[in-house]
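*Asks:* Each chain is listed here by its residues.
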Amino acid sequence: LASDDTGNRLRFQLELEFVQCLANPNYLNFLAQRGYFKDNAFVNYLKYLLYWKEPEYAKYLKYPQCLHMLELLQYEHFRKELVNAQCAKFIDEQQILHWQHYSRKRMRLQQALAEQQQQNNTSVK
Amino acid sequence: MAMAAAAAGAGAGATAGGGGGERSSTRDRLLAALEDLELLARELIEILAISRNQKLPQPGEESQILELLIQRDGEFQELMKLAVDQGKIHHEMQLLEKVVEKRDNDIQQLQKQLKEAEHILATAVYQAKEKLKSIEKARKGAISSEEIIKYAHRISASNAVCAPLTWVPGDPRRPYPTDLEMRSGLLGQMNNPSTNGVNGHLPGDALAAGRLPDVLAPQYPWQSSDMSMNMLPPNHSNDFMLEPPGHNKENEDDVEVMSTDSSSSSSDSD
Numbered sequence: 001l002a003s004d005d006t007g008n009r010l011r012f013q014l015e016l017e018f019v020q021c022l023a024n025p026n027y028l029n030f031l032a033q034r035g036y037f038k039d040n041a042f043v044n045y046l047k048y049l050l051y052w053k054e055p056e057y058a059k060y061l062k063y064p065q066c067l068h069m070l071e072l073l074q075y076e077h078f079r080k081e082l083v084n085a086q087c088a089k090f091i092d093e094q095q096i097l098h099w100q101h102y103s104r105k106r107m108r109l110q111q112a113l114a115e116q117q118q119q120n121n122t123s124v125k
Numbered sequence: 001m002a003m004a005a006a007a008a009g010a011g012a013g014a015t016a017g018g019g020g021g022e023r024s025s026t027r028d029r030l031l032a033a034l035e036d037l038e039l040l041a042r043e044l045i046e047i048l049a050i051s052r053n054q055k056l057p058q059p060g061e062e063s064q065i066l067e068l069l070i071q072r073d074g075e076f077q078e079l080m081k082l083a084v085d086q087g088k089i090h091h092e093m094q095l096l097e098k099v100v101e102k103r104d105n106d107i108q109q110l111q112k113q114l115k116e117a118e119h120i121l122a123t124a125v126y127q128a129k130e131k132l133k134s135i136e137k138a139r140k141g142a143i144s145s146e147e148i149i150k151y152a153h154r155i156s157a158s159n160a161v162c163a164p165l166t167w168v169p170g171d172p173r174r175p176y177p178t179d180l181e182m183r184s185g186l187l188g189q190m191n192n193p194s195t196n197g198v199n200g201h202l203p204g205d206a207l208a209a210g211r212l213p214d215v216l217a218p219q220y221p222w223q224s225s226d227m228s229m230n231m232l233p234p235n236h237s238n239d240f241m242l243e244p245p246g247h248n249k250e251n252e253d254d255v256e257v258m259s260t261d262s263s264s265s266s267s268d269s270d
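For the protein sequence lines, the chains are E and U, in the order given. Using UniProt numbering, you'd call the opening residue of the first sequence number 1 and step up by one each time. Using UniProt numbering, you'd call the opening residue of the second sequence number 1 and step up by one each time.
In short, the hints are calculated from the structure, not lab data. Each hint should be verified, as a subset may be incorrect.
Said to hold, decoys possible - Capping the alpha-carbon separation at 27 Å, the derived lysine-lysine pairs in DSSO-like fashion look like this:
no., chain 1, residue 1, chain 2, residue 2
1, U, LYS98, E, LYS59
2, E, LYS53, U, LYS88
3, U, LYS88, U, LYS98
Stated by the list, open to error - If we take Cβ atoms under 7 Å as the criterion, some of the chain E residues that face chain U in the derived model are:
no., residue
4, GLN13
5, LEU14
6, GLN20
7, CYS21
8, PHE37
9, LYS59
10, TYR63
11, GLN95
12, TRP99
13, GLN100
14, LYS105
15, ALA114
16, GLN118
Positions of the beta carbon are idealized from the N, C-alpha and C atoms, including for glycine.
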């Protein structure tokens with residue numbers, strides 16, 4: 001019974017790690033090029049991993065973007081496209097740009113605030 | 001006599017014709033009676049006029065005519081009374097008809113209002129049901145705000161979903177686990193307990209190999225050190241070879257294998 005529990009804990013951690021690795025487009029390219037996406041057992045495993053979308057599991061994810069990649073991986077077309085290095089690079093670039101979205105937004109807000117304060121100061125004078 | 005005739009005409013004219021062919025209307029009877037009276041009166045006057053000049057051929061004729069006249073006059077008077085009564089009844093009928101019409105209008109008004117009320121109520125009930133549905137939905141997905149804030153902090157503070165403000169191209173940090181993180185995690189340690197130079201293999205292989213790492217302690221927070229003991233992954237069967245029905249989202253035919261890159265697979269993004 002104890003070993004069963006340990007086994008489950010281990011499986012949980014392994015699957016948690018693996019599902020988050022799917023957020024890395026280079027890793028996906030790696031898997032595609034080694035033909036893992038053509039293995040039916042692997043494709044079924046990807047479908048099985050969809051349980052991470054449930055809130056009680058999703059709260060353990062540090063990189064929630066992996067769920068989006070997981071959803072896309074359910075489509076055969078996407079899996080086939082990932083063999084291309086350019087495809088992986090494109091996804092990588094878009095991911096990083098999106099990642100910077102909030103910092104950019106914050107910077108813009110700060111700039112706008114600074115400009116407004118400047119205007120207020122000049123008008124008060 | 002003329003005035004009585006006019007009144008009778010007016011009163012009798014208002015009554016409808018009697019039912020069927022035998023009974024004639026009061027108006028007709030009145031008119032007939034008037035004609036008779038006229039005739040009799042004329043005859044009487046003729047006979048009286050004749051009897052002034054010469055002897056009557058029939059002695060009792062004028063008294064006969066007189067009697068007939070009186071009889072007819074009696075009938076006429078009765079008919080007049082009848083006409084007056086009928087007129088009253090008719091008037092009452094008209095009043096009642098007016099009342100009935102008013103009631104009909106009232107009923108129609110009420111009908112309209114009822115219909116409107118029903119419509120409004122139906123709308124209200126429908127909207128209330130929709131509200132209840134959305135309340136139920138919200139309740140099902142209820143999460144404590146504390147948990148949400150904790151989670152938001154966890155994924156933001158570690159720069160997992162938002163880039164660090166000082167990030168420039170060349171910074172090794174990424175929105176996904178990097179090579180380094182992957183290799184130092186549980187998966188990476190499973191097949192590479194000593195070396196760092198080989199890429200990680202699939203969890204399936206590692207489990208099949210049955211090798212467990214010596215150290216289970218995670219080094220990066222994305223390996224969940226705070227997992228609860230009751231957390232279990234669902235229905236684990238090793239039969240991933242079995243195809244569940246319709247598992248392919250697209251029904252594409254097999255395309256020819258793309259030419260794979262023969263260069264090293266080391267997946268560093270820079």
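*Asks:* Under the constraints set out in the numbered hints, which ones does this structure not fulfil?
*Replies:* 1, 2, 8, 14, 15, 16
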